[in-house]
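Protein chains in written order, with our numbering: chain A, 26 to 257; chain B, 4 to 305.
Since the hints were made in silico from the structure, they are not lab data.
In this text the structure is predicted, and so the values were computed from the model without any measurement.
Ideal Cβ positions, reconstructed from N, Cα and C, are used throughout, including at glycine.
Be a bit skeptical, because a hint or two may be false.
[Claimed, not checked] Residues from chain A that keep clear of chain B, each with C-beta distances beyond 12 Å, as calculated:
#1 LYS31
#2 ASP43
#3 THR47
#4 GLU50
#5 PRO58
#6 GLY69
#7 GLY94
#8 ALA114
#9 ASN163
#10 LEU169
#11 HIS185
#12 GLU206
#13 HIS226
#14 SER233
#15 ARG254
#16 ILE256
[Claimed, not checked] Here are the simulated lysine to aspartate or glutamate pairs, DMTMM-like style, with alpha carbons at most 20 Å apart:
#17 B:LYS213 with A:GLU55
#18 A:LYS213 with A:ASP242
#19 B:LYS304 with A:GLU83
#20 B:LYS213 with A:GLU103
#21 A:LYS77 with B:GLU210
#22 B:LYS9 with A:ASP43
#23 A:LYS245 with A:ASP30
#24 B:LYS304 with A:ASP30
#25 B:LYS9 with A:ASP144
#26 A:LYS236 with A:GLU250
#27 B:LYS213 with A:GLU136
#28 A:LYS31 with A:GLU55
#29 A:LYS125 with B:GLU211
#30 B:LYS213 with A:GLU82
#31 A:LYS213 with A:GLU60
#32 B:LYS135 with B:GLU84
#33 B:LYS304 with A:GLU143
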Amino acid sequence: MILFDKVTKIYTPHKNSDEKITALEEISLEINPKEFVSITGRSGAGKTTLLKLLLVEEKPTAGQIFFQGHNICEIKSEHLPYLRRQIGAVFQDYKLFPSKTVFENIAYVMEVIGAGKEDIKRDVPKVLEIVGLTERANHFPRELSGGEAQRAAIARALIHRPEVILADEPTGNLDPYNTLEIIRLLLKINEMGTTVVLATHNRETINSIGKRVISLDKGKIIRDEQEGRFIL
Amino acid sequence: MLNSFKRIIYLGYRGLVGDGGQIFATIFILTVAILLASSLFLSGRVSQFLINSLESKADISVYFQEIALEEDILQARDELEKMPEVKEIIYISKDQALEEFKARYADNLVLMDSIRELGGNPFLASLRIQAKNPNQYQAIADYLDSLNLADIIEKVDYSQRQNVIERIFSITSFLGKTGLSFSLILAVIAILITFNTIKLAIYNYQEEVKIQRLVGASNWFIRGPFLAQGAIAGIISALISLLVLFFIAWLFSPKVQVFLPDLNILKMFWSNFGFIFLIQFAVGIALGSISSLIAIRKYLKI
């Protein structure tokens, strides 16, 4: 489903200098449908870069990335929205629309794909129920706690039934209780048949999941285990 | 498709309402720009009107001696009418001149009395010649000289008006040139200010635009509401400008008419209403939406 083929990403922070930062070096990996994959490593190991490449926020310096058989490095910018609609993204800083309520935040994604009013009215309450935010539907993001905001963000990533959910440090700003809640939610989504790619450096989180773990260090894969644990 | 279109308009409207103060700045600037454009148009019309009326008042009068025969005068008229520069020649006989004078000064008892005292008709027959262009009077005067009419012409009333005619002509061309360059400069300033105001408004939304891109919104779905916002702001500004312009015309029309009885600004406003309306809405919508389009371009590259 997702295939990285010798992917390298080198950043040049300043346009005119020779300084180069290698974020990923010759990464090759494959993620199958319905898998739950945790990507772990220290800060700066390349976790976020890996997810950014999948969302085509960045393009690789070398190598190919395939999503459902399509080479996304060669995707035209007008086709980009269609790729992104097959992916649900969750970020550490939630990235909710500050001027929209929880309901509107989630509805926006359905509007983007051209869903009808009736569909929105039917589906949004359902997904709010899954993440336990029915009571918060008409609140604005600034009125939510961190855990609630992240659950709203997950609901938004989920609403259009994407093939895969990418979660970049979704528990980074949360306390242990809320962390547990979010991980449970992601596992539940995975059980419902969605592929989940989770990037985190949280030891307890990784160890409690008991699924495939890919460990990165300095832009390279140092370990890829089916029932992995957090080892650096 | 229709769903998306409706949504875009609605989101644009929501953006406007939720935006608070920013939109007032945009509407204000747009209104100023539209008022500039329409006052340029109107002042063009007014100056054209003034020039026309001044030009139509400029003429050459050729007065003939008492002894001149009407048929000689009419023959001179026919000769002059052959000139391509001549627009119109009116023959005014002695009697007509007297009648005109009486009609014009009917209220002036002193003048009426003196005319009666004089007995007879002190006026001369004349030809009133209008040229197509004010700068052609010299050519007409030269031609008159060449016609060998010296024995029957009493005087040519041109030299007295020459200054006026030349002044009108130079004012006309001055107005034309400066008006054009002035309006170009103003138009550029209006576009720049509008663009900047909208750019500032959109700057606040850059984070939101980035998220929209990441959740898979197409560029047009993101642009649409901003475009709609720009257009709505343009329409509101156009309506305000229309009201302001009407108010100004209504307020000043009687005052201007005191000086220039022929010039009725309010009437001019109504007779050009369709065109003014069109200009204002076109300028408003175009300025608002094009500025939005350019301003948002930068944020759509993620």
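Checked hints:
No beta-carbon of chain B comes within 12 Å of the beta-carbon of LYS31 of chain A; the shortest separation is about 25 Å. Chain B leaves ASP43 of chain A outside its interface by the beta-carbon criterion, the shortest separation being 25 Å against a cut-off of 12 Å. The non-interface label for THR47 of chain A is consistent with chain B: the shortest C-beta to C-beta separation is roughly 23 Å, beyond 12 Å. With a least CB separation of 25 Å from chain B, GLU50 of chain A remains clear of the 12 Å interface cut-off, as annotated.
Residue placement check: PRO58 of chain A keeps its beta carbon more than 12 Å from all beta carbons of chain B (closest about 20 Å). Interface exclusion of GLY69 of chain A from chain B stands, the closest Cβ pair being 22 Å apart, more than 12 Å. For GLY94 of chain A, the shortest C-beta to C-beta distance to chain B comes to about 19 Å, beyond the 12 Å cut-off, and the non-interface label holds. The claim that ALA114 of chain A is not at the interface with chain B is violated, since a C-beta of that chain comes within 12 Å of its own (minimum 6 Å).
At roughly 15 Å, the least C-beta separation between ASN163 of chain A and chain B is larger than 12 Å, which holds for a residue marked as non-interface. At the 12 Å boundary, the C-beta of LEU169 of chain A stays outside the reach of chain B, the nearest C-beta of that chain being 16 Å off. For HIS185 of chain A, the non-interface assignment is contradicted: its Cβ lies about 8 Å from the closest Cβ of chain B, within the 12 Å cut-off. Non-interface status of GLU206 of chain A relative to chain B is upheld: no Cβ of that chain comes within 12 Å, the nearest being about 23 Å off.
Interface exclusion of HIS226 of chain A from chain B stands, the closest Cβ pair being 22 Å apart, more than 12 Å. SER233 of chain A, annotated as away from the interface, keeps every beta carbon of chain B farther than 12 Å; the closest lies near 28 Å. A cut-off of 12 Å between C-beta atoms confirms that ARG254 of chain A is not in contact with chain B; the least separation is 31 Å. No beta-carbon of chain B is positioned within 12 Å of the beta-carbon of ILE256 of chain A; the least distance is around 32 Å.
For a cut-off of 20 Å, the pair hint linking LYS213 of chain B to GLU55 of chain A is broken: about 28 Å separates their Cα positions. Under the criterion of a C-alpha separation no larger than 20 Å, the hint pairing LYS213 of chain A with ASP242 of chain A is inconsistent with the structure, at around 29 Å. Proposed proximity of LYS304 of chain B and GLU83 of chain A is supported: the alpha carbons are some 11 Å apart, at most 20 Å. For the given pair, LYS213 of chain B sits about 16 Å from GLU103 of chain A by alpha-carbon distance, which is consistent with the 20 Å threshold.
Straight-line distance between C-alpha atoms of LYS77 of chain A and GLU210 of chain B comes to about 17 Å, which keeps the hinted pair within the 20 Å bound. For the given pair, LYS9 of chain B sits about 50 Å from ASP43 of chain A by alpha-carbon distance, which is inconsistent with the 20 Å threshold. Only pairs whose Cα atoms come within 20 Å are accepted, and LYS245 of chain A paired with ASP30 of chain A is accepted, the gap being roughly 13 Å. For a cut-off of 20 Å, the pair hint linking LYS304 of chain B to ASP30 of chain A is broken: about 26 Å separates their Cα positions.
Only pairs whose Cα atoms come within 20 Å are accepted, and LYS9 of chain B paired with ASP144 of chain A is accepted, the gap being roughly 16 Å. Simply put, LYS236 of chain A and GLU250 of chain A have alpha-carbon atoms about 8 Å apart, close enough for the 20 Å limit, and the pair holds. This hinted pair checks out: LYS213 of chain B and GLU136 of chain A have alpha carbons roughly 17 Å apart, not beyond 20 Å. Annotation: proposed proximity of LYS31 of chain A to GLU55 of chain A holds, straight-line Cα distance about 11 Å (limit 20 Å).
For the suggested pair LYS125 of chain A and GLU211 of chain B, the alpha carbons sit about 10 Å apart, so the restraint of at most 20 Å is met. For a cut-off of 20 Å, the pair hint linking LYS213 of chain B to GLU82 of chain A stands: about 10 Å separates their Cα positions. Annotation: proposed proximity of LYS213 of chain A to GLU60 of chain A holds, straight-line Cα distance about 12 Å (limit 20 Å). Between LYS135 of chain B and GLU84 of chain B, the direct Cα distance comes to roughly 12 Å. Compliance with the 20 Å bound is thereby established for this hinted pair.
Taking the CA atoms of LYS304 of chain B and GLU143 of chain A, the gap is near 33 Å; set against the 20 Å cutoff, the hint is violated.
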